[in-house]
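If you read the sequences in order, they're chains E and P. According to the working numbering, the residues represented by the first sequence are 331 to 756, in order. According to the working numbering, the residues represented by the second sequence are 9 to 461, in order.
Simulated from the structure, these hints should not be mistaken for lab results.
Which stretches of chain P does chain E cover? Using the computed rule of at least three CB atoms under 8 Å from a CB of chain E, they are:
(1) 29-39
(2) 83-94
(3) 99-109
(4) 145-155
(5) 251-265
(6) 294-304
(7) 331-339
All of these numbers come straight from a predicted model, not from anything done at the bench. We put the CB at the ideal spot given by N, CA and C, even for glycine.
This is what each chain is made of:
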Amino acid sequence: MATLAQRGLSPIRAVLDNGVRVIAKHSGATPAVTVHASFNAGTVFDPAEHLGLSHFVSRTIDRGTAAHPADEIAERLDFRGVSLAITVNRHALSLVCTCLVEDLDPILGTLADIVMQPAFPDREVETRRGEIVTMIRQDEDNPAAMAAEGLLALLYGQAHPYGRRPRGTVETVERIRRSSLHAFHAARFAPDSLLLVMVGDLDPQRAIQWADRAFGGWDGQAAAEPQFPPVEAVHERRVHVIPMMNKAQADIAYGFTTIVRSDPAFYAYWLMNNILGEYSIGGRLGDSIRERQGMAYYVFSALDANVIPGPLVIRAGVNPANVDRALASIDEEITRMAADGPTERELEESRQFLVGSLPRRLETNGGIANFLQMVEFFDLGMDYDLRVPDLLARVTRDEVHAAARAVLDPAKAAVVVAGPYPKSPD
Amino acid sequence: MQPAEQTLGHVHEELLDNGLRVLVQEVRTAPLASVWCWYRVGSKNEGPGLTGVSHWVEHMNFKGTTNIPRDKVKGIIEQFGGYWNGYTWIDQTTYTETATRDVLDRMLFIEAERMANCLYDPADCESERTVIISELQGGENDPDQLLDQELTATAFRVHPYAHPTIGWLGDLQTMTREDLFSYYRRHYVPNNATLVIVGDVDRDDVMRRVVRHFGSIQPGEVAKIPATREPEQLGERRVTVSRQGTTAYLKIGYHAPSVVDADFFPLLALDAVLTGAKGVNLWASFRTPAPQRSARLYRALVDGGFASAVNGGLVPTQEPFLYTISVTATEGTALNVVEETALAQLDAVRRHGITDHELQKAKNQLRARLVFEGDCISNIAHQLGYFETIASWRLVPSLAARIDAVTLQQVGEAAATRLKSTNRTIGWFDPQPSTDEQPPAVGEGAGAGPASE
Chain E
331 MATLAQRGLS PIRAVLDNGV RVIAKHSGAT PAVTVHASFN AGTVFDPAEH LGLSHFVSRT
391 IDRGTAAHPA DEIAERLDFR GVSLAITVNR HALSLVCTCL VEDLDPILGT LADIVMQPAF
451 PDREVETRRG EIVTMIRQDE DNPAAMAAEG LLALLYGQAH PYGRRPRGTV ETVERIRRSS
511 LHAFHAARFA PDSLLLVMVG DLDPQRAIQW ADRAFGGWDG QAAAEPQFPP VEAVHERRVH
571 VIPMMNKAQA DIAYGFTTIV RSDPAFYAYW LMNNILGEYS IGGRLGDSIR ERQGMAYYVF
631 SALDANVIPG PLVIRAGVNP ANVDRALASI DEEITRMAAD GPTERELEES RQFLVGSLPR
691 RLETNGGIAN FLQMVEFFDL GMDYDLRVPD LLARVTRDEV HAAARAVLDP AKAAVVVAGP
751 YPKSPD
Chain P
9 MQPAEQTLGH VHEELLDNGL RVLVQEVRTA PLASVWCWYR VGSKNEGPGL TGVSHWVEHM
69 NFKGTTNIPR DKVKGIIEQF GGYWNGYTWI DQTTYTETAT RDVLDRMLFI EAERMANCLY
129 DPADCESERT VIISELQGGE NDPDQLLDQE LTATAFRVHP YAHPTIGWLG DLQTMTREDL
189 FSYYRRHYVP NNATLVIVGD VDRDDVMRRV VRHFGSIQPG EVAKIPATRE PEQLGERRVT
249 VSRQGTTAYL KIGYHAPSVV DADFFPLLAL DAVLTGAKGV NLWASFRTPA PQRSARLYRA
309 LVDGGFASAV NGGLVPTQEP FLYTISVTAT EGTALNVVEE TALAQLDAVR RHGITDHELQ
369 KAKNQLRARL VFEGDCISNI AHQLGYFETI ASWRLVPSLA ARIDAVTLQQ VGEAAATRLK
429 STNRTIGWFD PQPSTDEQPP AVGEGAGAGP ASE
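Excised from the complex, chain P in its bound form:
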């Protein structure tokens, strides 16, 4: 058998007159088609009083349109065996359908309707308010998510990456139907969107259908919030969440490069050395555990008996976000011991870099992940839309080469600059023993991760 080589198909790109960017890739491995419609709007576009609006809008965009009555939404794709979903995160909101290829026209129709004709029935807005608060409170039940939210809010003082995508509870309680609808109208225009179609389809046929469904949607002025850059952090920051619980958690967050920064790929290799490679597909990476048994932080923390789990998180983003290391302390291990052990490893790699062997292993792992995470049309389409939304889809076919080009020196430099103590925020979830049976005051939100429909 021949060595694995990732085959990258041809991507057809077209810009409609109304500004809608369309990407089509013919992949004939299964009789399926996958459609993704991406908007350049996420929680970083939200100002005070409106945190969580992007995600709430995403929920409202599944509740009927001018030409899809509310009671026809259920089963609109499912009755053809199809699947739909959507998610919102800091830079993006996206919607997807995957079904057999003969349903393609219906999938495009749904996305065109979603872009132009959603209803925002006041009763539906109210009913969804409590669904989203339930989503927030479910997330808050998880101490790790709670800590993630607090760490992110501590690391960012100025940039809107600070607040969780689900939003702060106070804003979710007070936002109005008008807030939601006007936000929808200001961001859901073709010139702020990317439509991706991948699967067993014919390119010309797809383009004809796209023009028919989307061609008449008028472009609009896209609401912009003023650009802001997070000022350089001048010293280590700390945050402790003290709540009842059974288990202690540690998180260390470093300000990280954006996907277009020269440091991004070297840092990705560094993360593979520290915690095992996860790849760069937010939609697929969670399904396949990282190969991390020989990774430095795993060896020191988990094999050392201080932690039951360690994970690194470096995700491609449009602007500089965080590289986060998350650790679950083993029963009976004090957080300061876990922290000292982790920092000793991070300090060693900051001062001495990594070895040739480690770099080769990191590259092997990252290349394998690129293969694993392109295993279905939905994942392939996700990557094109994701990268186009944060930078350019043209990064996708270049990922393997960019990983290959990383040098020992670049990793060493990335470690030296990024892992400085002044660039980090340290978060503790310090579990308190159970005291009484009174419910605690309700918290303010939960989770800095993507919020999904």
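Isolated chain E, as found in the complex:
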């Protein structure tokens, strides 16, 4: 038996006549299947006057179709124990379904019905609006959410698709009408916008036939994707404080804009971020702020190289008395990384970790489905899992150092503190 490392995932990829992209992969670990249906319909497509529209669609699209009322769909999924999660990120709206293998064929039919002809019934729209307003209010009482959203607004500007609140505001959500939901659906949901990934104890060719039966009759085209405004160069440090005096702990979000995912330097950035704020318990940041100084339960950094230059975000939760000390420590660590780059040993260990963790990342149906969705979205090729070791092996210490120098500069950082912290820091 060839090992995963030798033959890789080797998924089957097909494009239906109407443009739907389908990827199917057999994995026999459990008699279950994960179906990951994603559309280019994320929050970046929200019209300026209807912020939160993509999220609103994600909360209502499965609440009744032209042919089947919401209760009937709910019963059909629940009776089989099917788990359906609908999520939104910047670029994609995804329906992720976990079901037993014998339910795959009927579930594809239900999913097709949901995405092709949602009815957005008035009663459902009003009920879900109440839920969404409550979620926004919860976010506004959550220092971690406020810090993270505040940082993106600072980095990109509040009007930029990457800088806006993904769920909108209470005001924008109150303005969304049923007709806005239908218009968003008509513009963004079409065969050429759909990527359907199926992973589990299935026969790939047969699963693709079932997908064709479910989605093959759909026609139409998604609207052209808008041009994203350029990301402005930054020349100074910006600090924004969101006082939330009822809270026990302050959340810090600290970051920069970086590069696009297709930039050849991506692999150097990936390693740099791992060394800075991921490896083991939060990389160098974790060593300093958690392990040596005992200031925070969590501290980490995350890199999101994307369709446009995405953010590198450092996050930490600290006692309000330690905010200044934690910020100084972050400044110190990124200054050191920019000045000296990583050590050879750090680079080697992070490289081994990123390569060696692939088999774990690709163990479950859900993990494989997420991976394949990402691979297709960024057009990395169906053999990407096999190429990762070589892509990382080629990165030199100088390239990682150059990546650090290019983005890590305390004098150009955007910083948000949300929590019980006075408005004007020194």
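Given chain E, put chain P in place with the hints provided.
Leaving out everything else, chain P in the frame of chain E:
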């Protein structure tokens, strides 16, 4: 395609001379191995003044040993692509590594060192004190966690399940290095532990390595606290948390059966009918949302517009814990309305039971969850160790049959006895408007859920 059937592999069980129980299952779906080492110690073993000690000890057990210098801890598994973690809850403390199978020996070495040779450097104990207080305060930022903690403390008067696993702040401020180290020595002995290895391994090879690493560790007397049973609750209890906030939360907690009680599986089915099935894997269940659109409380509360979310929580425990229903009120809905709506549903099911169709749906959901939550070696290993720690690993292969055997009458009886008003505690998080910019007095702890490294 054939209907799904959960395939349960053979579990090899061995008891070493020093009392260490070892469970090995060969699963060859990926070139990986997962190791879990479980200790029968959790926050229920803690007395006054030492609340939170189990969890703090867990943190200290990642900070170097006699044969793993402090500066070699970072990357010890990660440099091989591996993952490690641990968590502490009311009945258990557990540690895990998952990595490619060739790293198995190193994973066993780490766990043997953790059992026998941790350092408890005084400076590390101090530095970790503030990390844990930060963990507590982060949890306290979440009103739902705060309410959960208050509800649990109100529902239990006698049993140590009352206090949060993270501990009370006062105890975390005053505990000493000696408290931590002696607690470690009294509980971390092979005869109080279960070692589980699942993955692409050979059973005999695993056992040879286990004996080499663990065989010479001496057994010890396990510290016991006197057993105590929570007295029967005689009337409804209430607790209100009044703090600044934007959103109102309701929780209803009923004293629940332990995992070995005949009522447990009927109540699990009842929860599926009320809020959708979550399954019984604490490590995996959170990742897959419950199918709950047609569940009774979801229909009444969420579709009714009174709540944005409702969840039920019934987790297998060694002794009777709580069945908790958690509700987030929608903006503008008064808590008494949310409460009345929820109680009307609970009262109806208490008086009339559930339907045949509902029971069938609950069973379908729970069976599907058993399949979903066994999707990787780490989850399979977790279940063996988890159940062995609270009862017996032999429950794991019998879960499907136990769910299948639940009858309408059993669910009706469980509902009638467990959902009585005298058996419940009702908690409100009643958000207060923002008044000034003064920080509030620091609270006493947060969250009754598992605390994780």
